[in-house]
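Trainee: Now for the letters of each chain:
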Amino acid sequence: MRVSRRATLSLRTVAIGYLVVLLLVPLGLVFYRTFEHGFGYAWSWMTTPAAISALWLTLVIAAIAVPLNTIFGIICSYVLVRGRVRGRAILDSLIDLPFVVSPVIVGLALILVYGEGGWFGNWFISHGIPIIYAPAGMVIATVFVSLPFVVREVAPVLRAAGEEQEEAAATLGASSWQTFRRVTLPSIRWGVAYGVVLTSARALGEIGAVLVVSSNVAGSTLSLPLLVYQRDSQIGPAASSGAYAAAMELIVISLLVLVGMMLLGKRREEVR
Amino acid sequence: MRIDVLDVGKRFGEFVALDDVSLEVAEGSLTALLGPSGSGKSTLLRIIAGLEAPDSGEIQLDGADVTPARPQDRGIGFVFQHYAPFNHMSVRENVAFGLRIRKRPKAEVKAKVDELLALVGLTAWSGQRPAQLSGGQRQRMALARALAVDPRVLLLDEPFGALDANVRAELRLWLRRLHDEQHVTTVLVTHDQEEAMEVSDTIAVMHEGNIEQVGSPQQVYDHPVNDFVMGFLGPAVRMEGELVRPHDLRLSLEPENGATEAVVTRVVHLGFEVRVEVELPDKTQARAQMTRAQARELELGPGDTVYVQAPHKEREKVKV
Ligand SMILES: Nc1ncnc2c1ncn2[C@@H]1O[C@H](COP(=O)(O)OP(=O)(O)O)[C@@H](O)[C@H]1O
Ligand SMILES: [Mg+2]
Chain A
13 MRVSRRATLS LRTVAIGYLV VLLLVPLGLV FYRTFEHGFG YAWSWMTTPA AISALWLTLV
73 IAAIAVPLNT IFGIICSYVL VRGRVRGRAI LDSLIDLPFV VSPVIVGLAL ILVYGEGGWF
133 GNWFISHGIP IIYAPAGMVI ATVFVSLPFV VREVAPVLRA AGEEQEEAAA TLGASSWQTF
193 RRVTLPSIRW GVAYGVVLTS ARALGEIGAV LVVSSNVAGS TLSLPLLVYQ RDSQIGPAAS
253 SGAYAAAMEL IVISLLVLVG MMLLGKRREE VR
Chain B
88 MRIDVLDVGK RFGEFVALDD VSLEVAEGSL TALLGPSGSG KSTLLRIIAG LEAPDSGEIQ
148 LDGADVTPAR PQDRGIGFVF QHYAPFNHMS VRENVAFGLR IRKRPKAEVK AKVDELLALV
208 GLTAWSGQRP AQLSGGQRQR MALARALAVD PRVLLLDEPF GALDANVRAE LRLWLRRLHD
268 EQHVTTVLVT HDQEEAMEVS DTIAVMHEGN IEQVGSPQQV YDHPVNDFVM GFLGPAVRME
328 GELVRPHDLR LSLEPENGAT EAVVTRVVHL GFEVRVEVEL PDKTQARAQM TRAQARELEL
388 GPGDTVYVQA PHKEREKVKV
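If you read the protein sequences in the order shown, they are chains A and B. The opening residue of the first sequence carries number 13 in the numbering used here; numbering runs sequentially from there. The opening residue of the second sequence carries number 88 in the numbering used here; numbering runs sequentially from there.
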């Protein structure tokens, strides 16, 4: 179908307008509010003990959840695409569970399992390992909600790459591990990278599931998104200044992830 | 290296892909597995390679049972129809793959890869990615890659099937010459009877999971054991209930003893040969093939009456 020049132009205007209204204006306002009293003022809010602790916790959660889900995601894609075991269809639909279940319910479910009186909860509590209302629970919640991304990115790439290259490697003398390292992994690397970016974005920004299992105490179990949420719900100009500063930090991290994604996207097109 | 396939059976669910097949591939031979699509050729080749496990039966290499051995331990080279190039590696890295896996010294790898790249005419392309090569070049790269590890057996699954006719013919010749020089025991899967006849010294004709006949190209063409082999190896027409080759039919203008009266429907000039299409009394069509000289003598045209003489050929009942 050929679209006239005018139609293209007006479509473009609509698309850009939509983005501006929904995304740029609110984000720009956050930016403005953060720095309206000067950079030093914003910086002082970013360097309060609570803010530093929140930044750390957010980064730690991502640093645990992303590698875990990457390794799990690659193994899981392999089983789904190459496996000859029964129950692949069940696994396939289970993977999407974190996408369809509301994050709040994920948090609640974790409390039922790891909380006081829960299945494993008493064991952990009696051994002095708190999960619920502790960073460990937030990590588990984040792992859960960000689980499908790598699988959903890698499985189609693995399927498209086909089995022949791996079979060729085997006939050339490569062991299963050598085949995986030298043939399979390089052929899915852009899928993995893209999955990692999406997983990171979700892990950094998650609020629903971690809110339920966090004790919401600044300095210990507040991640950056929770800090924004908490300060924003308090009254007074100081509180909202703190919220804006924390939000700014999140935005900067997200932008870094986004830039990483764009570079990858470009790279992927070059490879094709 | 000699290959023995002993009573190999393979099912996919209820479907019998191989029905207790046995085959002996002589040391240094070039054997074609020839049959229509779905007859089980690839399955048999993949079982020989160890890429697929048989349900029953045994594969022997030089008399040793290798049935449980993994593909990487069989000392084979395998070439896929769609080349299976390692897309993220250069042409040189592709060819070097097997040698690197074997941790051969760098200098030896380089020398061997250079030699193979020259052999397949890809020296100038060694730094390129497979995606930048043409189909024929990719397949030559795949051949070099398989040959790099000095396989005891070379297995080729429709290696030229995805190529243009010209390139296909050229690569066939090249493969035959290579085999004449190196004498690696080779099994070639193809559904193209012309390719099998041209390249191989032994043809195993497959049909619905069975090997119908094994023999030299001339044997299977001239002495097919059944109608299937007859029909698959070349054009065949049915005369008096039996299949015969069109060029074995004799046409004459005068009634002869045992000849069938027929009406010419079409005369097609195919360069060196002439094909005469006739309608038999039972309304079936038949084709006779003859040289130009013979055709000129008969001066046939559509509507003419001719007498068709089937050859009195003794079909050899070779047991397989
Ligand atoms: N992995 C498989 N799963 C199910 N059916 C298969 C599989 N591989 C082959 N088949 C079936 O077995 C039959 C023989 O296949 P194949 O050996 O590839 O035939 P050919 O190479 O002669 O065309 C085909 O009907 C094909 O559909
Ligand atoms: Mg096949």
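I should point out that these hints are in silico values taken from the structure, not numbers from a laboratory. A hint or two may mislead.
Said to hold, decoys possible - Lysine to any residue pairs mimicking SDA-like chemistry, simulated, CA-CA at most 20 Å apart: (1) A:K278 <-> B:A218; (2) B:K193 <-> A:Q190; (3) A:K278 <-> A:M260; (4) B:K190 <-> A:S188; (5) A:K278 <-> B:R216; (6) B:K190 <-> A:K278; (7) B:K190 <-> A:S187; (8) B:K370 <-> B:Y308; (9) B:K199 <-> B:L260; (10) B:K370 <-> B:V312; (11) B:K190 <-> A:F192; (12) B:K190 <-> B:G208; (13) A:K278 <-> B:N174; (14) B:K199 <-> B:R187; (15) B:K190 <-> A:R193.
What the hints assert, rightly or not - Chain B regions said to be covered by chain A (calculated; three or more residues, Cβ under 8 Å): (16) 181-192; (17) 326-337.
Said to hold, decoys possible - Away from chain A, derived, C-beta distances all over 12 Å, residues of chain B: (18) A136; (19) E139; (20) D160; (21) F167; (22) Q168.
We treat Cβ as the ideally placed atom computed from N, Cα and C, and that holds for glycine.
Trainee: Next, verify each hint and record whether it holds.
Mentor: Hint-by-hint comparison with the structure:
1. A:K278 <-> B:A218: holds (18 Å)
2. B:K193 <-> A:Q190: Holds, at roughly 19 Å.
3. A:K278 <-> A:M260: Cα-Cα ~27 Å, so violated.
4. B:K190 <-> A:S188: Holds: K190 of chain B and S188 of chain A sit about 16 Å apart, inside 20 Å.
5. A:K278 <-> B:R216: The hint holds at about 19 Å.
6. B:K190 <-> A:K278: Violated, at about 35 Å.
7. B:K190 <-> A:S187: holds (13 Å)
8. B:K370 <-> B:Y308: Roughly 28 Å separates the two Cα atoms, so the pair is violated.
9. B:K199 <-> B:L260: violated (23 Å)
10. B:K370 <-> B:V312: violated (28 Å)
11. B:K190 <-> A:F192: This hinted pair holds, its Cα atoms lying about 17 Å apart.
12. B:K190 <-> B:G208: Roughly 25 Å separates the two Cα atoms, so the pair is violated.
13. A:K278 <-> B:N174: Distance ~18 Å between K278 of chain A and N174 of chain B Cα, so the pair holds.
14. B:K199 <-> B:R187: holds (11 Å)
15. B:K190 <-> A:R193: holds (16 Å)
16. 181-192: It holds, with 4 qualifying residues against the three required.
17. 326-337: violated (count 0)
18. A136: violated (6 Å)
19. E139: violated (10 Å)
20. D160: violated (8 Å)
21. F167: Per Cβ check, F167 of chain B is inside 12 Å of chain A; nearest 5 Å; violated.
22. Q168: At about 9 Å from chain A, Q168 of chain B fails to clear the 12 Å cut-off, so the statement is violated.
In summary, the structure is inconsistent with hints 3, 6, 8, 9, 10, 12, 17, 18, 19, 20, 21, 22 from the numbered list given earlier, while agreeing with the others.
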